[in-house]
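Visitor: Can you build the whole structure from these sequences, using the hints too?
Residue-level listing of the chains:
2 protein chains.
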Amino acid sequence: MPNQPADSFNSNLALMTDLYELTMLQAYDQLGFDREAVFSLFVRELPEERNFLLACGLEDVVSYLEGLRFSDQDVAYLESLGLFGQDFLHRLRSFAFTGDVFAVPEGTPVFANEPILEVKAPIAQAQLLESFIMNQVHLQTVAASKAARVVHAAKDRNVVDFGLRRIHGADAGLKAARAFYAAGVTGTSNVLAGKLYSIPVYGTMAHSYVQIFADEREAFRSFAEIYPGTILLIDTYDSLRAVETIIELTETLGEDFSISGVRIDSSDLAELAVNVRRKLDSAGLYQVKIFASGGLDEHGVARIIRQNAPVDGFGVGTKMGVSEDAPYLDMVYKLTAYADEDKIKISPGKETLPGQKQVYRLEENGTMVGDVLCGHDEKQDGRPLLRKVMAGGARLPESQETLEDIRHRAAREMSLLPEPLRYLSPAAEAYPVHLSEQLAARQAALLEKHRA
Amino acid sequence: MPNQPADSFNSNLALMTDLYELTMLQAYDQLGFDREAVFSLFVRELPEERNFLLACGLEDVVSYLEGLRFSDQDVAYLESLGLFGQDFLHRLRSFAFTGDVFAVPEGTPVFANEPILEVKAPIAQAQLLESFIMNQVHLQTVAASKAARVVHAAKDRNVVDFGLRRIHGADAGLKAARAFYAAGVTGTSNVLAGKLYSIPVYGTMAHSYVQIFADEREAFRSFAEIYPGTILLIDTYDSLRAVETIIELTETLGEDFSISGVRIDSSDLAELAVNVRRKLDSAGLYQVKIFASGGLDEHGVARIIRQNAPVDGFGVGTKMGVSEDAPYLDMVYKLTAYADEDKIKISPGKETLPGQKQVYRLEENGTMVGDVLCGHDEKQDGRPLLRKVMAGGARLPESQETLEDIRHRAAREMSLLPEPLRYLSPAAEAYPVHLSEQLAARQAALLEKHRA
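Chains as they are written, first to last, in the working numbering: chain A, 3 to 454; chain B, 3 to 454.
Bear in mind the hints are in silico, worked out from the structure with no lab data behind them.
One or more hints might be untrue.
Which copy is meant is left open, because identical chains are indistinguishable; a pair holds if it fits in one copy or across any two.
With a cut-off of at most 25 angstroms between alpha-carbon atoms, the simulated SDA-like pairs for lysine to any residue come out as follows [as the list claims (entries may be wrong)]:
| id | residue 1 | residue 2 |
| --- | --- | --- |
| 1 | 291 | 83 |
| 2 | 281 | 435 |
| 3 | 352 | 270 |
| 4 | 451 | 243 |
Guide: Spelled out as structure tokens, the structure:
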């Protein structure tokens with residue numbers, strides 16, 4: 003698997019869970035609750051700033067489930083808490099995931115209440131997974147959904163992920179880079195993400211490089227000599243004066259000074275790009291591209307494009323990296339069946355749908371027109387979105403995808419979205435997701451029973 | 003070191019860097035730039051929603067720097083990019099950090115432009131670190147600064163971190179839990195964070211536990227039997243009806259049914275708490291505490307406290323976990339000296355201060371009254387904040403702190419903050435940070451030189 007994540011980030015993470023999962027596990031164990039449960043992972047409501055979500059993170063769930071084990075060290079720590087008995091701790095040593103997982107393929111647009119993933123397994127197993135698989139699918143779905151907007155705003159220009167330094171931690175630095183690439187970003191500055199996921203890596207110079215030279219001219223000359231065809235950062239002192247220096251170097255050194263572009267990183271980027279372009283063109287440097295970075299998000303990118311500013315590519319960092327306008331989703335992992343019996347939660351505003359489910363997506367003339375959310379064994383028009391990716395704890399071929407496969411799917415699937423859903427502003431109407439009559443009736447019956 | 007972070011999260015991370023750090027490194031190498039540089043890590047501007055920041059993350063920087071090495075695999079990947087020559091790749095194999103690090107101790111309040119950390123090392127070494135140390139200090143400072151507000155809002159009530167499931171990734175799940183605890187949070191639900199950092203762990207049951215039982219009564223009875231003195235989650239179906247069940251169980255089972263509290267997790271928490279308290283008290287269950295969770299942040303906590311709602315503790319998850327109102331800081335790592343010469347960046351609005359620095363903090367009657375930002379060898383009134391934590395690449399005793407030490411410092415230091423800075427609303431006046439005359443003159447001279 004070329005796109006397998008770093009071992010160090012997904013292994014030995016059995017304790018990366020909330021304590022209550024383990025206290026519940028011991029209770030299930032003592033009380034003999036060992037029948038099969040179904041849990042469903044979904045987003046209750048989309049943030050106002052998102053018209054669709056791009057499902058992402060499944061690969062990390064599967065690789066985590068394949069390797070999930072409690073070490074002696076883990077068990078010793080749990081013992082030290084004084085909450086767990088010897089019988090239970092002994093059984094944890096032989097814990098392994100033996101269940102089934104059904105999921106929407108990564109790179110598929112999803113909407114409120116649609117299961118992204120369902121787990122069918124003995125209750126203890128299905129329960130324990132909650133915290134970690136939410137942590138992973140949440141992060142990557144947040145990241146892919148944000149990046150899809152930036153890529154859309156940039157039209158056909160390149161977008162490079164510059165987020166590592168302010169993304170939340172090292173794991174997110176990798177996983178978000180993966181999700182961004184799935185969503186259509188061109189590449190990343192994060193070298194380890196490039197290595198682990200075969201994502202193209204980009205980067206040339208920072209301000210510090212320019213600063214250690216007595217003058218900018220020598221910084222530019224030396225860097226272009228070492229990296230012919232490079233991109234020079236021009237805003238350390240004065241961007242327009244830096245362009246004059248580049249023109250002078252080109253005229254003086256000829257073929258010994260070759261660059262492919264310049265990067266601007268401060269001020270009004272659109273205005274600065276116009277002035278930089280004009281200066282470059284006046285010297286015949288038509289082939290030198292302009293790359294813009296600095297505080298950009300999809301709105302900043304869209305503004306530059308709307309103003310027809312001559313920017314050929316974007317470096318997008320922090321605001322995409324932390325998904326600044328919507329840093330979290332109302333994602334939950336809820337019990338929907340136990341021992342073949344439907345289960346729901348009826349807390350006000352948090353009612354859930356019962357049972358194992360399927361989503362059918364209808365298309366007309368190359369556009370998605372509506373989804374039907376139904377029981378997993380119902381048959382509806384359209385194509386089913388959830389597919390089985392693990393059986394009896396083992397990975398199925400359906401989950402053997404490369405990141406390129408996922409990236410292609412995302413591009414194809416997003417091209418099917420109704421136009422208004424792709425805009426950056428909130429769509430006037432949400433995408434239609436209907437409950438099947440049968441599923442609606444099952445939910446109503448349970449609500450009535452519990453509220454009686 | 004009891005609080006050493008997980009090996010798996012800080013080792014083998016030499017490639018967790020932006021590509022441009024490595025292209026610059028090769029250029030420095032080829033051009034013979036090997037003199038000592040000073041880089042300064044600081045926040046340019048505080049978010050509107052923060053009156054102070056709580057510095058955090060140093061321990062991970064030190065442990066990363068101690069172990070920083072490029073493996074054969076790392077070098078092979080870099081070779082595959084076609085950007086790097088054999089000489090440089092060969093030298094990377096023996097790369098090690100041999101520099102000095104100066105830092106503000108973790109748990110210290112800091113303000114705009116004050117160095118949190120400074121690195122003094124041969125330029126290549128000091129450069130390479132940028133991406134990873136920012137990634138770590140940024141995350142933990144974001145997290146500690148947010149948690150400090152939640153803890154303040156909760157007054158003397160407990161606050162438990164419930165964030166793992168929606169925090170961005172596994173590394174942040176651990177590091178944020180650490181930062182939250184440093185800032186005064188009582189504990190975490192994250193078991194691995196508990197194990198790695200000796201943080202108290204908390205948690206009892208989720209909705210799914212209640213749901214698998216035919217009735218809530220049996221769910222409560224069985225759980226309290228296994229975990230006497232536990233906290234029961236009461237909002238799966240109807241919170242007030244659940245309290246009636248608890249009262250009935252207490253009356254029927256006597257000492258065989260003992261709980262210490264109930265958790266409410268939906269609806270208007272303040273109003274619900276009042277009604278739950280009334281019902282509990284009417285049955286004489288005065289000792290049963292009420293724990294509230296569900297969509298809380300510092301403002302939600304403050305509202306509950308302001309309404310005098312009888313809530314004894316808070317579970318705070320997502321909004322603290324992603325620092326929802328301020329998910330990033332304008333933190334940068336800038337070259338300030340090379341070969342004993344002052345360096346600055348003069349990009350409009352992004353001007354930096356030159357040289358290695360110190361911050362002196364003045365107190366009067368147990369309150370901080372102002373800081374002076376000056377050259378590292380200047381002497382000012384007050385106490386200096388930056389201290390040497392690594393020398394010649396080795397950890398100094400000054401950085402050998404336990405998380406408890408840091409937590410105590412944070413509590414002590416925050417008690418010195420001027421009152422208005424501790425409020426949740428933006429302070430009318432920012433905390434006064436003055437430049438020393440000497441440092442201001444050095445900056446002015448450089449600005450004049452570059453703008454001439």
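Visitor: So, against the hints stated earlier in the document, which numbers end up violated here?
Guide: 2
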